[in-house]
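Turn these sequences into a full structure, and let the hints guide you.
Here's the letter readout for the chains.
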Amino acid sequence: MTEQKLSLADLATGLSRRAKLPMRYSEDFVRSFFKVIGDGLTVDNLVKIKGFGTFKLIGIEARESINVATGERFEIAGHTKVSFTPDPTLRDAVNRPFVEFETVILSDAVDTKQMEAIGEEAQQPVQEEPQKPIQEDIPEAKIVSLTAVELDEEGKTEPVADSEPDPGPVVEPEPSSEPELEPEPESDKFELDESESDEVSDDDTDTDSFQLDTPYDNDNETMNTCKIHFTWLHCLWALLFALFFTALGYAIAYYWHPIALPEFNCQQEVIVSPSTDDFTEEEDTIVQIISDESELNARVDSSAVAAASYPQLEGGEYIIVGVLANDTMKAGKMLSKMAIQYYGDKDLYKYICTMNNIDNPDIVPLNMPLLIPKLEKKQESSN
Amino acid sequence: MNNKDFIAALSAKEGLTTRDTQMLVNHIIAEMTAQFENGSQLSIQNFGQFEVKKKLERVIVNPSTGERMLVPPKLVLGFKASPNLKERMQKGGES
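Just so you know, the protein sequences line up as chains A and B, in that order.
Once you know that position 106 of the first sequence is 106 in the numbering used here, the rest is easy, because the numbers rise by one and skip nothing.
Once you know that position 26 of the second sequence is 26 in the numbering used here, the rest is easy, because the numbers rise by one and skip nothing.
Derived by calculation from the structure, the hints in this document are not laboratory data.
Honestly, I wouldn't trust all of these hints.
[Said to hold, decoys possible] Here are the simulated SDA-like cross-link-like pairs (lysine to any residue), alpha carbons at most 20 Å apart as the crow flies:
(1) B:Lys80 with A:Ile58
(2) A:Lys337 with B:Lys80
(3) A:Lys337 with B:Lys4
(4) B:Lys4 with A:Thr54
(5) B:Lys55 with A:Glu102
(6) A:Lys20 with B:Gly15
(7) A:Lys330 with A:Thr103
(8) B:Lys13 with A:Arg24
(9) A:Lys81 with B:Gln49
(10) A:Lys56 with B:Arg19
(11) A:Lys50 with B:Asp20
(12) B:Lys13 with A:Phe34
(13) B:Lys80 with A:Thr80
(14) B:Lys80 with B:Gln49
(15) B:Lys13 with A:Lys5
(16) B:Lys13 with A:Phe101
(17) A:Lys48 with A:Phe84
(18) B:Lys74 with A:Thr85
(19) B:Lys54 with A:Glu3
(20) B:Lys55 with A:Lys48
(21) B:Lys74 with A:Leu90
(22) B:Lys4 with A:Leu90
(23) B:Lys86 with A:Ala77
(24) A:Lys5 with B:Thr33
(25) B:Lys55 with A:Ala77
(26) B:Lys54 with A:Phe101
(27) A:Lys35 with B:Gln22
(28) B:Lys80 with A:Gly78
(29) A:Lys333 with A:Pro97
(30) A:Lys81 with B:Gln45
(31) A:Lys350 with A:Asp362
[Unchecked claim] Examples of chain B residues toward chain A, derived with CB under 10 Å:
(32) Asn2
(33) Thr17
(34) Phe36
(35) Gly39
(36) Lys74
Each residue gets a CB set at the ideal place from its N, CA and C atoms; glycine is no exception.
Written out as structure tokens, the structure reads:
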């Protein structure tokens with residue numbers, strides 16, 4: 001990209017090179033080119049040049065305005081405006097870098113659904129931890145270091161958020177047990193989190209727009225705002241993570257002393273015990289499973305009925321429970337883009353494929369009507 | 001004034017055949033297109049200034065349906081007439 005300010009002489013140089021004309025003559029020709037356009041405008045009010053565009057004179061009528069400083073009324077005299085509309089070929093050539101993008105319709109449902117989708121995914125790692133050894137490794141290592149210092153927040157948790165893809169509203173999976181878990185020092189922090197969780201939804205929308213922004217990152221403004229939101233999100237995530245790990249630590253501590261506390265019943269009603277430091281990975285998973293099962297049993301399996309009438313993706317984490325929206329495949333559109341639009345996660349395009357019986361997501365016929373499935377988190381029992 | 005009239009006027013002024021004129025005009029346009037693709041700016045004295053500008057993406061609302069649409073960013077070629085040309089057009093318009 002060589003952005004330059006060009007003059008008539010530069011244009012003439014280009015012409016003489018292309019047409020192999022003497023420089024003096026080509027300069028003369030370019031000058032007459034523009035002069036004839038000007039003359040043509042005075043004669044006809046319109047000059048149309050194939051491959052370049054249309055120059056048009058537009059009459060602007062006189063109108064009244066108010067002088068802001070004095071409040072006086074005065075008239076803006078009528079004048080003629082020269083408008084230029086580039087020819088489609090020139091317009092497309094200029095816009096070539098951005099030709100991939102097209103107007104996307106955002107239905108009202110989309111935004112809320114996107115937020116929900118993000119929320120669901122955020123819950124995912126928490127509930128799925130027992131089954132996902134790869135993801136487990138990371139948090140495990142962190143818990144050890146966190147519990148070692150009695151889960152002292154802020155500075156410590158900052159890197160956690162960096163390395164972790166989607167912590168989101170981690171608090172949600174165990175909201176019932178949360179208040180009981182923190183009898184002493186955490187209570188004020190929890191309040192703080194609650195007040196901030198309102199902002200989570202706002203920030204979620206912002207991350208969405210950020211995803212859309214990334215392709216044109218030469219835009220400084222959007223980049224800056226994104227950075228701000230990013231740091232914000234990190235802080236939020238870090239806090240939420242810390243809370244979750246605290247709860248986990250307490251749960252483990254409790255599991256270690258079940259006899260001492262006989263009123264144990266599936267729901268974690270935990271009294272803090274000091275020896276949180278010495279636990280291993282396996283114990284953690286077991287506790288996790290217990291708490292998860294109680295969670296999941298609590299949820300009534302109403303969606304399974306609806307799910308039966310739709311094709312399902314085997315081995316997926318979500319089930320298709322309905323139709324979220326209708327869409328059509330257009331040029332430049334991709335299933336993954338649509339997945340981002342509807343769910344905020346491009347990997348969920350597989351569900352769109354399943355819903356529409358698409359074998360190869362790279363080959364989708366133009367104008368093919370698509371059903372966008374409504375997804376619900378798969379429950380443990382249906383796995 | 002359409003393309004044909006324009007070429008005719010230009011060829012009369014330069015004393016060339018319309019075919020040669022059209023060829024040269026095509027060369028000029030090709031050259032300009034290439035420059036605009038690079039994001040260059042072209043100012044012609046006593047005529048005006050062509051400039052490629054980036055329009056940011058924006059969300060628009062269809063007032064009749066309430067549909068919200070995200071319009072992607074785009075590069076557009078803008079033209080600003082020079083004061084000199086404007087003045088000429090003013091006089092031309094009046095006469």
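Hints, one by one, checked against the model:
no.	hint	result
1	B:Lys80 with A:Ile58	13 Å, holds
2	A:Lys337 with B:Lys80	37 Å, violated
3	A:Lys337 with B:Lys4	45 Å, violated
4	B:Lys4 with A:Thr54	13 Å, holds
5	B:Lys55 with A:Glu102	14 Å, holds
6	A:Lys20 with B:Gly15	18 Å, holds
7	A:Lys330 with A:Thr103	11 Å, holds
8	B:Lys13 with A:Arg24	16 Å, holds
9	A:Lys81 with B:Gln49	14 Å, holds
10	A:Lys56 with B:Arg19	25 Å, violated
11	A:Lys50 with B:Asp20	15 Å, holds
12	B:Lys13 with A:Phe34	12 Å, holds
13	B:Lys80 with A:Thr80	13 Å, holds
14	B:Lys80 with B:Gln49	5 Å, holds
15	B:Lys13 with A:Lys5	29 Å, violated
16	B:Lys13 with A:Phe101	44 Å, violated
17	A:Lys48 with A:Phe84	10 Å, holds
18	B:Lys74 with A:Thr85	15 Å, holds
19	B:Lys54 with A:Glu3	13 Å, holds
20	B:Lys55 with A:Lys48	25 Å, violated
21	B:Lys74 with A:Leu90	13 Å, holds
22	B:Lys4 with A:Leu90	19 Å, holds
23	B:Lys86 with A:Ala77	14 Å, holds
24	A:Lys5 with B:Thr33	14 Å, holds
25	B:Lys55 with A:Ala77	30 Å, violated
26	B:Lys54 with A:Phe101	14 Å, holds
27	A:Lys35 with B:Gln22	16 Å, holds
28	B:Lys80 with A:Gly78	18 Å, holds
29	A:Lys333 with A:Pro97	16 Å, holds
30	A:Lys81 with B:Gln45	18 Å, holds
31	A:Lys350 with A:Asp362	12 Å, holds
32	Asn2	5 Å, holds
33	Thr17	14 Å, violated
34	Phe36	5 Å, holds
35	Gly39	4 Å, holds
36	Lys74	5 Å, holds
Against the hints set out earlier in the document, violations occur for numbers 2, 3, 10, 15, 16, 20, 25, 33.
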